[in-house]
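There are 2 protein chains.
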Amino acid sequence: MSVNLPPLPELHPIDGIRLGTVAAGIRYENRPDLVVIECAEGARAAGVFTQNAFRAAPVVIAQAHLDLAMPRLLVINTGNANAGTGDEGLRDALRTCERAAELAGVQTLEVLPFSTGVIGEPLPVERIEAGLPRALAALDAEGWAEAARGILTTDTAPKGASRVLDLPEGEVRITGICKGAGMIRPDMATMLAFIATDAGLDKTVLESLVKEAADASFNRITVDGDTSTNDACLLLATGRGVALSPDSGGWEAFRSALIEVFRTLAQAIVRDGEGATRFVTVQVEEAADPAEALAVAYTIAHSPLVKTALYAGDPNWGRILAAVGRAGLADFDITRVRIFLDDVRIVERGGRAADYAEEAGQAVMSKPELTIRVLLGRGETCERIWTTDLSHEYVTINAEYRT
Amino acid sequence: MSVNLPPLPELHPIDGIRLGTVAAGIRYENRPDLVVIECAEGARAAGVFTQNAFRAAPVVIAQAHLDLAMPRLLVINTGNANAGTGDEGLRDALRTCERAAELAGVQTLEVLPFSTGVIGEPLPVERIEAGLPRALAALDAEGWAEAARGILTTDTAPKGASRVLDLPEGEVRITGICKGAGMIRPDMATMLAFIATDAGLDKTVLESLVKEAADASFNRITVDGDTSTNDACLLLATGRGVALSPDSGGWEAFRSALIEVFRTLAQAIVRDGEGATRFVTVQVEEAADPAEALAVAYTIAHSPLVKTALYAGDPNWGRILAAVGRAGLADFDITRVRIFLDDVRIVERGGRAADYAEEAGQAVMSKPELTIRVLLGRGETCERIWTTDLSHEYVTINAEYRT
Numbered sequence: 000m001s002v003n004l005p006p007l008p009e010l011h012p013i014d015g016i017r018l019g020t021v022a023a024g025i026r027y028e029n030r031p032d033l034v035v036i037e038c039a040e041g042a043r044a045a046g047v048f049t050q051n052a053f054r055a056a057p058v059v060i061a062q063a064h065l066d067l068a069m070p071r072l073l074v075i076n077t078g079n080a081n082a083g084t085g086d087e088g089l090r091d092a093l094r095t096c097e098r099a100a101e102l103a104g105v106q107t108l109e110v111l112p113f114s115t116g117v118i119g120e121p122l123p124v125e126r127i128e129a130g131l132p133r134a135l136a137a138l139d140a141e142g143w144a145e146a147a148r149g150i151l152t153t154d155t156a157p158k159g160a161s162r163v164l165d166l167p168e169g170e171v172r173i174t175g176i177c178k179g180a181g182m183i184r185p186d187m188a189t190m191l192a193f194i195a196t197d198a199g200l201d202k203t204v205l206e207s208l209v210k211e212a213a214d215a216s217f218n219r220i221t222v223d224g225d226t227s228t229n230d231a232c233l234l235l236a237t238g239r240g241v242a243l244s245p246d247s248g249g250w251e252a253f254r255s256a257l258i259e260v261f262r263t264l265a266q267a268i269v270r271d272g273e274g275a276t277r278f279v280t281v282q283v284e285e286a287a288d289p290a291e292a293l294a295v296a297y298t299i300a301h302s303p304l305v306k307t308a309l310y311a312g313d314p315n316w317g318r319i320l321a322a323v324g325r326a327g328l329a330d331f332d333i334t335r336v337r338i339f340l341d342d343v344r345i346v347e348r349g350g351r352a353a354d355y356a357e358e359a360g361q362a363v364m365s366k367p368e369l370t371i372r373v374l375l376g377r378g379e380t381c382e383r384i385w386t387t388d389l390s391h392e393y394v395t396i397n398a399e400y401r402t
Numbered sequence: 000m001s002v003n004l005p006p007l008p009e010l011h012p013i014d015g016i017r018l019g020t021v022a023a024g025i026r027y028e029n030r031p032d033l034v035v036i037e038c039a040e041g042a043r044a045a046g047v048f049t050q051n052a053f054r055a056a057p058v059v060i061a062q063a064h065l066d067l068a069m070p071r072l073l074v075i076n077t078g079n080a081n082a083g084t085g086d087e088g089l090r091d092a093l094r095t096c097e098r099a100a101e102l103a104g105v106q107t108l109e110v111l112p113f114s115t116g117v118i119g120e121p122l123p124v125e126r127i128e129a130g131l132p133r134a135l136a137a138l139d140a141e142g143w144a145e146a147a148r149g150i151l152t153t154d155t156a157p158k159g160a161s162r163v164l165d166l167p168e169g170e171v172r173i174t175g176i177c178k179g180a181g182m183i184r185p186d187m188a189t190m191l192a193f194i195a196t197d198a199g200l201d202k203t204v205l206e207s208l209v210k211e212a213a214d215a216s217f218n219r220i221t222v223d224g225d226t227s228t229n230d231a232c233l234l235l236a237t238g239r240g241v242a243l244s245p246d247s248g249g250w251e252a253f254r255s256a257l258i259e260v261f262r263t264l265a266q267a268i269v270r271d272g273e274g275a276t277r278f279v280t281v282q283v284e285e286a287a288d289p290a291e292a293l294a295v296a297y298t299i300a301h302s303p304l305v306k307t308a309l310y311a312g313d314p315n316w317g318r319i320l321a322a323v324g325r326a327g328l329a330d331f332d333i334t335r336v337r338i339f340l341d342d343v344r345i346v347e348r349g350g351r352a353a354d355y356a357e358e359a360g361q362a363v364m365s366k367p368e369l370t371i372r373v374l375l376g377r378g379e380t381c382e383r384i385w386t387t388d389l390s391h392e393y394v395t396i397n398a399e400y401r402t
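Quick mapping for you: the protein sequence lines, in order, are chains A and B.
The first sequence begins at 0 in numbering that gives the first Met the number 0 and counts up by one.
The second sequence begins at 0 in numbering that gives the first Met the number 0 and counts up by one.
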């Protein structure tokens, strides 16, 4: 089940990036589950990682390596998260890096490991090691689509986005892939995202850019409020194309295209959310600051009662208003709140809007995509997040799948 | 569906309290939906109410009246919450009080209104008014069990608790009833609770007692994390029996019996939680303070992934550990955490416990009642809360029932 998830678009190669995908039998037979992304020398990289205090071994190693060196290889496996595996897990992640480094002739510090899948089982390192030579042999600049399939777990379809920009400085390309369907929420979720550009970017610029873009995308989505131990989003800039900086004439066009790629990928994760039958934008306006706008937005997006009403297509404004009421805002006058479903005003002055007709609300709620707009009457800040409903399918998936 | 919900016990009458229950046709025909509780002159009362900023009209009126006068009558209707009804709702709640006061010969300020049911529809005041004379005529000291049935909404069974204590000062009785099944969480939920004792208690003592008892019971339960607009818990002390104060020889016995009654009622709500198939105690030990103990406990109890694993009977310690990890504790060393399912140690040193055998965890998870124990290794505080799993039935109930 997914909601208007677009088919994988053409993913333009990025000069300096090659990808290799193989089936290494990590958890299932004959399923692509090992991806290597090679990055040419001289590239820059920056990433954001899970905020969960329970970080998986590959996250610990990838962050440490990224602090010390520029990555040349990313090694991504599905089927096993190498999380909750203690010191043994760290050793396994390092062994993967060592072996990949050896085979590719780079330093161990230049390899970043990423894992996703079952928590708490030992990483089958020997299968990864056995698959690595084939994955390296398969490296191909045209390998994006195959890699997009190779990193999936409970996803129903591959996810990617790609742009070719004509800037005053010349052509610039951005291509990204990601995975994730459950355990999704801000501060990264069970999601992996790899985005590359051929632009040349300063490391400081790249670091602030990945943070800004993640905050506008992956940190604004939630399926079930659960964050994972393995989330990672990596932005690579190969520098094979034109150099860009915030002073460049094409900077704003590049920056907004990059955010758009991030956002398309993040929304694809929500569209493919576990059991999702609706794609819902929660937009909170007139907040005093971003923190309270997000508090209200997430309280709505995480409310099981709102989510089941969305599943039922029930314009249950009482549940939405009750969620707003418990978001913990200080000195909060609920009678100033107005709530809209798309353009239909459903709540004003602490109750049902005077001109609201149930059929109008019903019509919006029957759509696969809709916006819940909440106006707080407290300030001028607006925040938007994206979420799904809570369906029987969600319960089925998570009562059966062992993460 | 409910988990080991005991049948309604004998509810001992409380001298000075009479209850009358009738079917007033508020939302359904021939279903008890209007309850009047009469309190003899000279009684004392104290209450705790929803912390939701979106407070229903009856909560606003009940709190205001309770501040100004001692209640003589409680008027409780189901079928309609009179919430999200704006000024009209306040007028309707007041009209109910006026009419009840007129009929019973008391002051309007001495009447407290309580409503539970559908949000956002006008209160059918005329039906309540029409039912009031019959409810008053039905007043009976033996009316507790009928009242316990009269206040239900989505509950599958009535809930009550009663104790007769032999204190050095003489016999003291405590009897209480409550309702609630969904939209349950701390700071009160869609729940109403009415507890009475014949003891004579000072108002200040009563007020601190109701707060302490609610914090140990109704404010430690959660079904879905949603709080309601209408929650109220009222403790009445008629003073017809022996006078008690914190200096009395029987004080501790009384205090702990009262908390036990509150807790039995609160746990009955969880046992009858919407779609509940398991009754789960989440106990967090070795926390630095109560706030962080509760943060961890509620993050576990609200995690859809933990809740669906509980539904599946899956000892998925990775999901529990991931929930602990995202509870937002500062300077948190996840490797100090130990997690037990009942007495089975499942997590230590950041991973699966060395001596843990899946069958042992499986055996605990297959029980209808179990405890998730988390030891944080940060201090000496312990907090316990009670919750349920997340089942298909929960989704069905809330996708179909219009609160």
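Careful, some of the hints might be misleading.
[Unchecked claim] Pairwise CB distance ranges (calculated):
| id | chain 1 | residue 1 | chain 2 | residue 2 | range |
| --- | --- | --- | --- | --- | --- |
| 1 | A | ALA156 | B | ALA329 | 38 to 48 Å |
| 2 | A | ALA63 | B | ASP341 | 30 to 40 Å |
| 3 | B | THR395 | A | ALA156 | 25 to 35 Å |
| 4 | B | THR155 | A | GLU211 | 49 to 59 Å |
| 5 | B | ASP341 | A | GLY104 | 50 to 60 Å |
| 6 | B | PRO121 | A | GLU392 | 32 to 42 Å |
Hint data in this document are derived by calculation from the structure and do not stem from the laboratory.
Keep in mind the model is a prediction, meaning the values are calculated, not measured.
The beta carbon of each residue, even a glycine, is placed where N, CA and C say it ideally should be.
>> For the hint 49 to 59 Å, verify it against the beta carbon of B/THR155 and that of A/GLU211.
In response: With a Cβ separation near 51 Å, B/THR155 and A/GLU211 satisfy 49 to 59 Å, so the hint holds.
> Do B/THR395 and A/ALA156 keep their Cβ atoms within the hinted range of 25 to 35 Å?
Replying inline: holds, 28 Å
> Should the hint that A/ALA63 and B/ASP341 are 30 to 40 Å apart at their CB atoms be regarded as holding?
Replying inline: holds, 38 Å
> That 38 to 48 Å hint for A/ALA156 and B/ALA329 (C-beta), does it hold up?
Replying inline: holds, 39 Å
>> A range of 50 to 60 Å was offered for this pair. Does it hold for the Cβ distance of B/ASP341 and A/GLY104?
In response: Between B/ASP341 and A/GLY104, where Cβ atoms are some 53 Å apart, the hint holds.
>> If I claimed the Cβ atoms of B/PRO121 and A/GLU392 lie 32 to 42 Å apart, would that claim hold in this structure?
In response: holds, 36 Å
In summary, this structure violates none of the numbered hints.
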